[in-house]
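Visitor: Next come the chains, spelled out residue by residue.
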Amino acid sequence: MIHRRTILIGTGALTLAIACAPAAFAKAANGKPAPAFSALDSAGMERTLAEFKGRNVVLEWTNHDCPFVRKHYGAGAMQTLQKEAIGAGTVWLSIISSGPGQQGFVSGSEADALTTKRNASPTAVLLDSTGRVGKAYGAKTTPHMFIINTQGVLVYQGGIDDRPSANPADLAKATNYVRAALGDIAAGRSVAVAYSAPYGCSVKYAA
Amino acid sequence: MTRSPLRVFFFVVFALMFAGAANGQAVRTENVEAQLHASHSGIMAGERVTVVLRLKMREGWHTYWRNAGDSGEATEISWELPPGFQAGPIQWPIPHSVPIGPITSYGFEGEILLPVELQAPANLASGDLVISASAHWLVCSHVCIPEEALLHLPLRGGESRIDPIWAPRIAQTLAALPHALQTPARLTRNADGTARLTVSVPQWQGKKLRTLYFFPYARDQIDHAAAQAFRVKGGEFSLTLQPQPNGLLGTESISGVLSAEVESPKGKRDEAVEITAQLGDALAPAAASAPASGGQALGLGGAMLFAFLGGLILNIMPCVFPVLSIKALSFATTPATEARRHGIFFLAGVMVTFLALAGLLIGLQAAGAAIGWGFQLQQPLVVAGLALVFFTLGLNLLGAFEIGSSLQGIGSGVAARPGGLGAFATGALAVVAASPCTAPFMGGALGFAATQPPVISMGVFAALGLGFAAPFTLLSFAPALRRLLPKPGAWMARFKELLAFPMLATAIYLAWVLMQQSGANAVLALLSAMLAVGFWVWAWGVSRRSVTRFAAGAISLGVLGAAVYGLVPGSAPARSEQAALAAPAHQGAAAWSSAAVDAARQEGKVVLVNFTAAWCVTCKVNEALVFSRSEVAATLQDQKVAYFVGDWTSQDPLIKAELSRHGRQGVPLYVLYRPGVPEPEILPQQLSAEGLIGAIRKT
Chain F
810 MIHRRTILIG
820 TGALTLAIAC
830 APAAFAKAAN
840 GKPAPAFSAL
850 DSAGMERTLA
860 EFKGRNVVLE
870 WTNHDCPFVR
880 KHYGAGAMQT
890 LQKEAIGAGT
900 VWLSIISSGP
910 GQQGFVSGSE
920 ADALTTKRNA
930 SPTAVLLDST
940 GRVGKAYGAK
950 TTPHMFIINT
960 QGVLVYQGGI
970 DDRPSANPAD
980 LAKATNYVRA
990 ALGDIAAGRS
1000 VAVAYSAPYG
1010 CSVKYAA
Chain L
33 MTRSPLRVFF
43 FVVFALMFAG
53 AANGQAVRTE
63 NVEAQLHASH
73 SGIMAGERVT
83 VVLRLKMREG
93 WHTYWRNAGD
103 SGEATEISWE
113 LPPGFQAGPI
123 QWPIPHSVPI
133 GPITSYGFEG
143 EILLPVELQA
153 PANLASGDLV
163 ISASAHWLVC
173 SHVCIPEEAL
183 LHLPLRGGES
193 RIDPIWAPRI
203 AQTLAALPHA
213 LQTPARLTRN
223 ADGTARLTVS
233 VPQWQGKKLR
243 TLYFFPYARD
253 QIDHAAAQAF
263 RVKGGEFSLT
273 LQPQPNGLLG
283 TESISGVLSA
293 EVESPKGKRD
303 EAVEITAQLG
313 DALAPAAASA
323 PASGGQALGL
333 GGAMLFAFLG
343 GLILNIMPCV
353 FPVLSIKALS
363 FATTPATEAR
373 RHGIFFLAGV
383 MVTFLALAGL
393 LIGLQAAGAA
403 IGWGFQLQQP
413 LVVAGLALVF
423 FTLGLNLLGA
433 FEIGSSLQGI
443 GSGVAARPGG
453 LGAFATGALA
463 VVAASPCTAP
473 FMGGALGFAA
483 TQPPVISMGV
493 FAALGLGFAA
503 PFTLLSFAPA
513 LRRLLPKPGA
523 WMARFKELLA
533 FPMLATAIYL
543 AWVLMQQSGA
553 NAVLALLSAM
563 LAVGFWVWAW
573 GVSRRSVTRF
583 AAGAISLGVL
593 GAAVYGLVPG
603 SAPARSEQAA
613 LAAPAHQGAA
623 AWSSAAVDAA
633 RQEGKVVLVN
643 FTAAWCVTCK
653 VNEALVFSRS
663 EVAATLQDQK
673 VAYFVGDWTS
683 QDPLIKAELS
693 RHGRQGVPLY
703 VLYRPGVPEP
713 EILPQQLSAE
723 GLIGAIRKT
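Residue numbers (our numbering), protein chains in the order written: chain F, 810 to 1016; chain L, 33 to 731.
Keep in mind the hints are simulated off the structure, nothing from the lab.
Hints should not be assumed to be uniformly reliable.
[Stated by the list, open to error] If you want the footprint, here are the derived chain F segments under chain L, 3+ residues with CB under 8 Å:
#1 868-876
#2 925-937
#3 971-981
#4 999-1008
Note that CB positions come from ideal geometry on N, CA and C, so glycine has one too.
Same shape as in the complex, but just chain L:
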């Protein structure tokens, strides 16, 4: 087991861990991916936090702003909140004009966050909470489809806890919202029915505006499709608005959002202010008032600050702490210059590993959908690999073998002076070791990185790395701090052994995850791999003879190879269709194939297809609460429904193609074919037994 392939393995393993973690449950409709996120993962009594509805539209599709313009309909959210909670209105981001032929709508393309303020009651007790929202939107390209989703967001009640990933992203979104303008705005009616909007916007004075557009809140005032000619004079901006045929424009005040594309040394960006223009004479050009403020540079800064804090927190994670604390304790007897050298190398190890991971992530992402983000954590091989790493670390801490100066420098004891390479490797190992403890958190980091240009995501990762390396590096530079460390002695050997147990506990946890994913056979394979590693370690320790070591290595590799073979999806029946079908939820089901579905339809049967996966929480919930119900089983039998299960736990191009055919990218997908009707019905992902039975009986 040479070091560099091992390191490469660690990189890959960790990169995949980053990718897989989920942030609550996203709902994918035909054209939109919807999900709730919050600035906080924990909320205390009386606290206000921001919840966002994230909508990610399919390429070329849009949803609508509060005033949809000529066509369309604004997105709506109705909340189902725990007792005493209150949700505010949607705080709308800056919209875009969407021209379609002769008409213009106002909406959003790509991905948007719709923030809502959530307030906890003053008497909130501690405990787990679920915030639910039923979101409804109209999504359009050249055609329109009304869609909806029932979304849930778990929150911890009773303690305020910031979500280190979503807090900065949400802060950025809030900072970019149109803020109410404090200076006056006027609307003046012209003889021809048009109206002139004049406004003085201090923050735009002295800046070059490439575009200026007024988005009204009311639907019936301006002609949405008409151009808005604009002029800049001094610090004052004026726009000519065209009326709708009702002639209301210029007879009442007008409210809305004035949006500009502002050119600054930092580049162009959209900025907007919320204005209410009273009827009256046009504003006279005002003397330049306060100089433009710095604006929203806080966004990236805030994100990096939170990433830095997140990195600090990683240090006390149970998987990381043992590695670092032993390294730190060894400083008590290390000369100052040597300690500093270690600090620098450790820092380098952490940063290089973090940035390599970031680069890998960005690269994989750029490589496109071939990877299929989101399912990697569910790769049994990745989970098993990590379990093996933790088991090995546990053995090492228990003293079963010594890595010498190569990996951690802990084996050779406190007097050892491992080289800079050792410190570098400690940094890299610590980053890898941090992964299982921080998977959900890292998933968020990826989510953030995915929406940012590469430079910014690299910046965020760098901040995370700096935070992670900071405590140890500081310690290496501060002799005063090091003197506070406990004196080394025999207790340290005991302490080191004690720290093996969190490592082994992590391995147990990962084995459990693996069992959920791939069943008992996979766990057997994993345990065999652990046996092989243990045997090799033992053989290496007891013999100095290279022949013995070679033989032990060969035996271990053989067992390891067999174990890995057993884990590789598809190469052995670790989890087969049969295993999936054996589940009680799938009684009477046959394995899905398009041929089988066609055959059943030709017999005139009602056909129900359930596309599922072991790692899909929604699928499992539906199977437990709906498919396992006796009424459902009875209905399937009574109505002679041909029931098929497509198991997507492992990659399957045929199932993937079938999902795409129905406009889906993931599971669950429930498809109901009725006899004589060519197009199937897609049942909701949040299935109810009543709904399913009703849909089947309707046929």
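So that you can see chain F by itself, here it is in the shape it has in the complex:
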């Protein structure tokens, strides 16, 4: 056990040394321009952040088999939030950073089937199997949420709400930070809770 622990910590430190090299696992900072990216969507089209300039953009890291994601989709909470956001003119990008063979990795058609089956309505589902976009934003968990304002500045990052659990019963008691932040933006206020610790499953980056 003791040895194991040393190894764990050692590996942790090593992983960190590699992962925290700026290019590999940058951290997007609130108040700064959001990192630019381009990725293929489920239809095979190349999408960029730049094409949505002038609109508010929500980034949602997802993995349909993660119990935390299932909590939000199973109860319809995520879909409701998507519809509200889209209805208000916000762009919603669901991003899948699972590597090939990892949990949550899907083809474009599978991603579309999931969208239909779950009655979801994202603007696009981006397939980030290399993890390039995820690492540029420092996406850690599914779900992990980011909001970029009309000026292309990152204004929210963190968990979807304040109940870090996989239990659907907690949804009723939760304060949804994304809904609150979008409300602040719509009202022209600065985002009150601009950061929260993300929670969920780890993003299943390619090994």
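For chain F, the structure is supplied; the task is to place chain L on it using the hints.
Guide: Just chain L now, with coordinates in the frame of chain F:
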């Protein structure tokens, strides 16, 4: 019947008894084995005891600490307690960092005990109680699965009674918990947003720390994945913590657990303190304060002490007491030197037997899962063998035959001077005789031994043996004590005969157990074996002629052989599929086979499979409370459900393979296949009639 094979048989029998006993009911989910244990088996009014939730994770899987870190979710327990009882929060053990790619979580691998303090109300009446807990955890390897279990722990109310196995293990767990640090800790914010944690930990002064890591209680303060550079200066330790993007770090106090891998002459070990660091200037290097304390050596010592006490208690168990008391009474007329010699040989007999058993257990365990721990007590052959032993001892005490000086030295009367070998054999026999009276207790001992390195488990067994042998050995060395023994006389013969009855009662109990396991045919086989033994004993006694003795022996062996044949699982229909299916709970069921299930599914039927075993308490409860209900039977019939029963009472590699396929290692397992759905649904082990009917109707 020569002695040494008999002894070998005793060893095996007892080893298996050790292995089988259960400690309440463990629940196995896909990835975790969960069970409640307590420091006490009995609780009195107003008393506080510790209950632990034991989680044993599948290799490569982990559950989470109170702050799960970047991903995951802490294990939760909600209690359902008898009126007036109160349960405290989980007292979290020292966590480990679990790095997964670029993120880090805090959790536990292998097996952990999560202790909770339980307090009984002041007006607790005596009677049986059940503590129930619904435990919920997220278990992850590279993927995560939320799991839960409803667990129960029986307790005796109204009297304080320590559990000799779990008390020391729990004491060890509590001793290893992070304790609040009394000296101050400081957090100082640096210009770059990082923060420096400085702390003086008296117990680590002068020790070499290989690692130092701070686990925060809050999720949103430090970057969990970042390295924490640490420095040691004098008695002061300092760590540099990296912030989360929210920039909270260094603007408020921080609480958590500071954990170190400490090197000491006794080896490396994890130690931790709970700290709250207030904002302020870094601590100045303090002058060395109190020297480091001895720490937690109490763990093994405590375990051995309890094992010793447990051994003492074994002496008055109804199965052991007769053997020992007669031996002890014979001391009244034994010369001092002879008595001492007997004492030493008795001690040797007990210790050798205990340690041989311990060695056997460790060896079997090392041999791996091939044995399948936990089911041995349910081996009908083992139970029958023990019943036979007790029956034979009963006959012996009644005077039906004399073993002379060979086994116990009681047959030849008080004047006899059996050799040292006799005393040695008495020790060995006493250890074997103790087994049925102490099975649950010994199961715990095995549980403890299973989690310890061999040296420690040997130590615990040795302590148990010493405690067991202590009263008799002391008596043999203390003439003053021996003078207190009643004077021998004709009453002793009566007393000896009287003591036969507890032995025979034990045999009856074991026969009853056997009937539960293997049915009436097995009991018939056992009784026939007893008849054979009785006949042989009688023939041996009445005739001195070797021809007669040989003939009687041959007849007895024949009957015995037939009886054993009848008991061996699979060799005779002691308990067959048909027997299992005849039970009322299994009306309309067919015997399980994967081919039969496939055929029924191809017909488009809903398929329900019930994997069960006679010795599985949960299975029997479900069958009594759920499957036997008329609504359930009606639903099965209405919905034209193809219902199959897989009976795992005896070993069956096909059923074992099927269980493994569903990620299970034991029964019960309820599998529901719906037409057109490739993956079956696994129903909960704690089944309700409503739940089962609902699941079937949903199809």
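Visitor: Does each hint hold? Answer for all of them.
Guide: Each hint, compared with the structure:
1. 868-876: holds (count 3)
2. 925-937: violated (count 0)
3. 971-981: Our answer is that it holds, as 4 residues pass the Cβ test (under 8 Å) against chain L, meeting three.
4. 999-1008: It holds, with 6 qualifying residues against the three required.
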